[in-house]
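Asker: As a plain string of letters, each chain reads:
Number of protein chains: 2
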Amino acid sequence: MLSEEMISALIQKTDSKILLLVMDGLGGLSVGGKSELETAVTPNLDALVKRSVLGLADPVAPGITPGSGPGHLAIFGYDPVKYQIGRGVLEALGVDLDMTDRDVAARGNFCTIDADDVITDRRAGRIATSLNEKLCVKLSNQIPTIEDVQIIIRPGKEHRFTVLFRGDGLDDHLTDADPQKEGMKRIPTLPLEPAARRTAGVVNQFLDRVKAILHDDHPANAAVLRGFAKYPAIPHMDRRFGLRTAAIATYPMYRGLAKLVGMDVLKTGDTFSDEIRTVREHFAEYDFFYLHYKKTDSYGEDGNFEMKVKSIEEVDRYIPELLALGPDVFAITGDHSSPSALKAHSWHPSPFLLCSKYCGVDVATRFTERECARGVLGKFHAVDEMTLMLANALKLKKFGA
Amino acid sequence: MLSEEMISALIQKTDSKILLLVMDGLGGLSVGGKSELETAVTPNLDALVKRSVLGLADPVAPGITPGSGPGHLAIFGYDPVKYQIGRGVLEALGVDLDMTDRDVAARGNFCTIDADDVITDRRAGRIATSLNEKLCVKLSNQIPTIEDVQIIIRPGKEHRFTVLFRGDGLDDHLTDADPQKEGMKRIPTLPLEPAARRTAGVVNQFLDRVKAILHDDHPANAAVLRGFAKYPAIPHMDRRFGLRTAAIATYPMYRGLAKLVGMDVLKTGDTFSDEIRTVREHFAEYDFFYLHYKKTDSYGEDGNFEMKVKSIEEVDRYIPELLALGPDVFAITGDHSSPSALKAHSWHPSPFLLCSKYCGVDVATRFTERECARGVLGKFHAVDEMTLMLANALKLKKFGA
Numbered sequence: 003m004l005s006e007e008m009i010s011a012l013i014q015k016t017d018s019k020i021l022l023l024v025m026d027g028l029g030g031l032s033v034g035g036k037s038e039l040e041t042a043v044t045p046n047l048d049a050l051v052k053r054s055v056l057g058l059a060d061p062v063a064p065g066i067t068p069g070s071g072p073g074h075l076a077i078f079g080y081d082p083v084k085y086q087i088g089r090g091v092l093e094a095l096g097v098d099l100d101m102t103d104r105d106v107a108a109r110g111n112f113c114t115i116d117a118d119d120v121i122t123d124r125r126a127g128r129i130a131t132s133l134n135e136k137l138c139v140k141l142s143n144q145i146p147t148i149e150d151v152q153i154i155i156r157p158g159k160e161h162r163f164t165v166l167f168r169g170d171g172l173d174d175h176l177t178d179a180d181p182q183k184e185g186m187k188r189i190p191t192l193p194l195e196p197a198a199r200r201t202a203g204v205v206n207q208f209l210d211r212v213k214a215i216l217h218d219d220h221p222a223n224a225a226v227l228r229g230f231a232k233y234p235a236i237p238h239m240d241r242r243f244g245l246r247t248a249a250i251a252t253y254p255m256y257r258g259l260a261k262l263v264g265m266d267v268l269k270t271g272d273t274f275s276d277e278i279r280t281v282r283e284h285f286a287e288y289d290f291f292y293l294h295y296k297k298t299d300s301y302g303e304d305g306n307f308e309m310k311v312k313s314i315e316e317v318d319r320y321i322p323e324l325l326a327l328g329p330d331v332f333a334i335t336g337d338h339s340s341p342s343a344l345k346a347h348s349w350h351p352s353p354f355l356l357c358s359k360y361c362g363v364d365v366a367t368r369f370t371e372r373e374c375a376r377g378v379l380g381k382f383h384a385v386d387e388m389t390l391m392l393a394n395a396l397k398l399k400k401f402g403a
Numbered sequence: 003m004l005s006e007e008m009i010s011a012l013i014q015k016t017d018s019k020i021l022l023l024v025m026d027g028l029g030g031l032s033v034g035g036k037s038e039l040e041t042a043v044t045p046n047l048d049a050l051v052k053r054s055v056l057g058l059a060d061p062v063a064p065g066i067t068p069g070s071g072p073g074h075l076a077i078f079g080y081d082p083v084k085y086q087i088g089r090g091v092l093e094a095l096g097v098d099l100d101m102t103d104r105d106v107a108a109r110g111n112f113c114t115i116d117a118d119d120v121i122t123d124r125r126a127g128r129i130a131t132s133l134n135e136k137l138c139v140k141l142s143n144q145i146p147t148i149e150d151v152q153i154i155i156r157p158g159k160e161h162r163f164t165v166l167f168r169g170d171g172l173d174d175h176l177t178d179a180d181p182q183k184e185g186m187k188r189i190p191t192l193p194l195e196p197a198a199r200r201t202a203g204v205v206n207q208f209l210d211r212v213k214a215i216l217h218d219d220h221p222a223n224a225a226v227l228r229g230f231a232k233y234p235a236i237p238h239m240d241r242r243f244g245l246r247t248a249a250i251a252t253y254p255m256y257r258g259l260a261k262l263v264g265m266d267v268l269k270t271g272d273t274f275s276d277e278i279r280t281v282r283e284h285f286a287e288y289d290f291f292y293l294h295y296k297k298t299d300s301y302g303e304d305g306n307f308e309m310k311v312k313s314i315e316e317v318d319r320y321i322p323e324l325l326a327l328g329p330d331v332f333a334i335t336g337d338h339s340s341p342s343a344l345k346a347h348s349w350h351p352s353p354f355l356l357c358s359k360y361c362g363v364d365v366a367t368r369f370t371e372r373e374c375a376r377g378v379l380g381k382f383h384a385v386d387e388m389t390l391m392l393a394n395a396l397k398l399k400k401f402g403a
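For the protein sequence lines, the chains are H and G, in the order given. Going by this note's numbering, the first residue of the first sequence is number 3, and it counts up by one from there. Going by this note's numbering, the first residue of the second sequence is number 3, and it counts up by one from there.
If we strip away everything but chain H, and leave its shape as in the complex, we get (with noise of 0.2 Å):
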């Protein structure tokens, strides 16, 4: 296998655009004989797909079912098993936080306990939203810092909430502070290494402090932290490949996997038709274009058989508007399966489409996850999917002579 520095070694500059559309958790699963993407009437795709080459990704490994944070750091080539991403640091980013190379992020969740510190529901009884984050300024309010750490806190969905440590030397070698089980006391969290020994203290004085602040706040009488995790250092895509990178979401998580590898956010709305303005207006600007659509994942965690299949058929409505930017190189796919039947992101490897003057022909006939089995890709690995782009494009000079 060639390594990262060896393909950027072959990365040679030229005018031609990528344009990289991400249908999250596309991939599905056959109910009563067809798929949603079987099921679903795609004109538009269909006629693409007769000029296109297909394949299926597999975002990690055969069986293995990625998050949203693995899922796309395959697809924009970087190995997602090299590059882990601590799970605070993703809920961070879920979140629009902007975090600094000073911070250590993690996931809290308000919980409840009893006289004893037993937690005695970990989740707080799932509290409305709206209490979570009058919660959360309340405890803003009176934690702005703790020695010279300052504290940010920004509220999830429910019992979740995120919060930052932001201060010098801070380590994110660190245990849960969160038995993971009712029934338990709370437990404070320990450094892993010596290095870790004042972050922990900083850590588990807040909880002591979140104890008392909440303290009349039954059912949310109480946090637990996990994921304890720094910004990792993630070399750019415009180091790695050369290119200048573009990203337009809607969802914060996304937006903030493109901040990691170095991508512009471009501002943009809140439909799909919103992102596409944005791409054309920014089209000149950008050699590579990731484009986010977010409900084919939200229908299929939902179990949403037949929204699903809808989404699909309004994505396919946007083809002709996507191709009528021109770009040189044009691929879909998505970052891990969500089947309707199962309502979660799965293992199954994602279907992959790629047009370009130069990517051939076809025997699949549609954009389905059987017909991408059959196509002349065959089954890859997502991370795969960056240097067929790039090769694509004319992007990458010979190996060897």
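Among the hints, a few may not be true.
The list treats identical chains as interchangeable, and a pair is accepted whether it falls inside one copy or across any two copies.
[Said to hold, decoys possible] Straight-line alpha carbon distances no greater than 20 Å define the calculated EDC-like cross-link-like pairs of lysine to aspartate or glutamate that follow: (1) K84 / E6; (2) K359 / E7; (3) K400 / E184; (4) K296 / E323.
These aren't lab readings, by the way, just hints derived from the structure by calculation.
Using the hints provided, position chain G relative to the given structure of chain H.
Answerer: Just chain G now, with coordinates in the frame of chain H:
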């Protein structure tokens, strides 16, 4: 993945014979709906497919365009990322220079410099090959040695030539003595390691001598050198696979690559018919024959779709003659693709066909890119072709009990 040693440990010698036909740059791209292979009329290949298995092989990795060196090494069972061959060595092989382990090879260009030693034309106006030959004789006569290092100069085409520096203790950890741009001064080579200091001194003396000797030979009044490389020590095929191997090729580069892995290079004529006669004459003496056909690549690189089609049809006519030799395993593939549409090597995987008594049967109906994509061998790494050929020749024992 099995290591080289693990595969070697499985080798068992049998009387079976493997014939590998490499159609250089075989894979192509559809123009108006059909690729070169799809357009060619190939009754003999079509008949062969009925008792063969097919697949598509990536010489290096998806999206990576291989040079001839990596492309061939992979087919011979050598990981092309592990065994990288320096540019200078490939040049030397290409002009039929016999290298020893005391040599450092470099690729040279005659160039034009002005009075300030600034390069005004990196290719000296692409001088005629005949002039190049005269200049090389002149330099050879006047610079037979530098210190105790023997200088061996061999002309290439137009402005290109190859130099071997032959002596004890030479080292190839050297920077290019080539600014790679016009409008810049000539630069000396620099040692990248202390052990290469003396070699750098010899190379730089050589370049200064060349400049002095060519003073009145404008436009070819100086030279640049790059790709310094020693002859690599690659474990030979007899040791790795227990095979007596023979190479039959009309071009020096391919004979050189075969020699690199320890094949006996058989003397042959200029035509494919000559090559086949050579195989026949030596059929009793070897276990493995590498037969190289060049024209598919030449026409692909010329962008001559029609002639690439005709060269495929030429090979087709010789298939019965090759089968009449009675190889136990007959395989056909390319070292890389060279689609006429790209006029260059490309990243597209190579069609692969394998016929043996034990290969099984396929659903694929023709030896084309699309049919190979649905072949039972699937999409695989070209480096695995060797084990597939050995297995079908019953030359591999069981792994584990």
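Asker: Does each hint hold? Answer for all of them.
Answerer: Here's how the hints hold up against the structure:
no.: 1; hint: K84 / E6; result: both (11 Å within a copy, 15 Å between copies)
no.: 2; hint: K359 / E7; result: neither (27 Å within a copy, 43 Å between copies)
no.: 3; hint: K400 / E184; result: neither (58 Å within a copy, 22 Å between copies)
no.: 4; hint: K296 / E323; result: within (18 Å within a copy, 44 Å between copies)
Violated hints, in rising order: 2 and 3; the structure is consistent with all others.
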